[in-house]
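> Sequence:
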Amino acid sequence: MMSNLPKDLVEEILSRVPAAALRRLRSTCKEWNALLDDKNSLKNILVSGELNLIDPFYKSEVDISNIYHCNGLLLCTTKDKTKLVIWNPCTGQTKWIEPRDEDYHKCENLCDKFGMLYDKYVLGYETNTSSPSYKILRVLFCQHIFKMEIYEVNSNSWRVLDVTPDWYIRSCGVALKENTYWFGKKKEPQFNDQALISFNYTSERFACLCIPVRNDYGKVQLSSIREEKLSLLYMMFHPFQIEIWVTDEIKPDSVSWSKFFTVDMMKLQGTQTFPSHMNFIIEEEQKVAMFCVVKMKKGKLTNMVYIVGEDELREEEDFGESSITSPCPIMFSYVPSLVQI
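Numbering of the sequence shown is given in full-length UniProt numbering, commencing with residue 1 and proceeding in unit increments.
One thing to keep in mind: the hints can contain errors.
For lysine-lysine, the following DSBU-like pairs were computed, each having C-alpha atoms within a straight-line distance of at most 35 Å [as the list claims (entries may be wrong)]: (1) K59 / K95; (2) K186 / K219; (3) K81 / K177; (4) K297 / K187.
No lab work stands behind these hints: they were computed from the structure.
None of these values were measured; they are calculated from a predicted model.
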């Protein structure tokens with residue numbers, strides 16, 4: 001009987017099955033259904049490899065400018081900004097979407113003049129249905145133009161979200177369950193005007209939550225841990241160090257944090273030129289962090305990855321020349337899923 005086989009042997013068997021066929025195996029038995037629901041087992045079953053997104057219309061590989069991940073799905077924006085695609089790399093399923101661009105060119109002209117344009121798409125889902133109902137939120141602002149739009153996958157339609165925020169978004173979004181989070185700044189000057197901005201896809205409401213640091217002169221980046229917790233990186237320059245924080249509990253109107261560790265950058269050989277922006281992920285069990293940065297090396301912009309513990313550089317890798325058009329590498333903790341779009 002297959003149900004009597006050891007778990008690691010079942011994982012080995014299932015790893016040889018095409019990902020697109022795994023969903024049909026859920027009905028085989030309760031044990032297999034539970035195994036395919038377990039994220040750790042699923043990571044062992046789904047073999048990693050190079051991912052290629054193919055345009056179904058032109059039968060060619062797609063150039064991607066931005067990627068956002070949520071619940072095993074990737075939301076990709078094409079480099080020419082004419083298409084969005086929701087993609088499950090495990091099953092190969094895709095959904096192509098036409099973005100609304102009626103205000104984009106107006107903002108682009110303002111950006112040429114004033115130098116600031118924020119136009120990002122994030123993906124989430126509401127939880128008051130029997131299965132996740134996916135939505136895309138578009139945040140667009142430049143000078144006096146501020147617009148938010150919602151795309152509902154089930155109805156295949158866009159609508160404007162009526163919001164008058166009292167804050168600015170200062171980072172890319174991070175998915176955690178049915179919410180997206182950003183690092184932001186309140187419009188009205190206050191003693192501590194830094195905030196964690198959250199958006200809930202069920203209520204379609206925003207909230208301002210606290211962050212554990214005062215970001216007067218440093219830089220803040222957000223990340224997630226297996227889409228279960230938020231992590232926050234705070235880089236200070238006086239003293240030159242990095243603090244990493246992890247959430248203990250997140251509620252709709254509050255959040256609590258614990259310090260993960262501190263890195264004294266002056267003690268790490270060769271990392272004194274870390275830039276002010278970076279991507280990062282952390283590994284709780286091994287108590288390490290991985291930074292993905294762009295730095296000047298031998299006269300060229302180079303993608304560098306550092307793995308550090310507390311005041312200890314564990315590993316340094318050169319990932320080749322960086323693109324001028326996309327100077328910041330994209331790195332995130334991806335949790336595979338067999339979810340359907």
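> For every hint, state whether the structure bears it out.
Comparing the hints with the structure gives:
1. K59 / K95: holds (15 Å)
2. K186 / K219: holds (16 Å)
3. K81 / K177: OK: K81 and K177 at ~27 Å, within 35 Å.
4. K297 / K187: Given that 35 Å is the threshold and the Cα spacing comes to 38 Å, the pair is violated.
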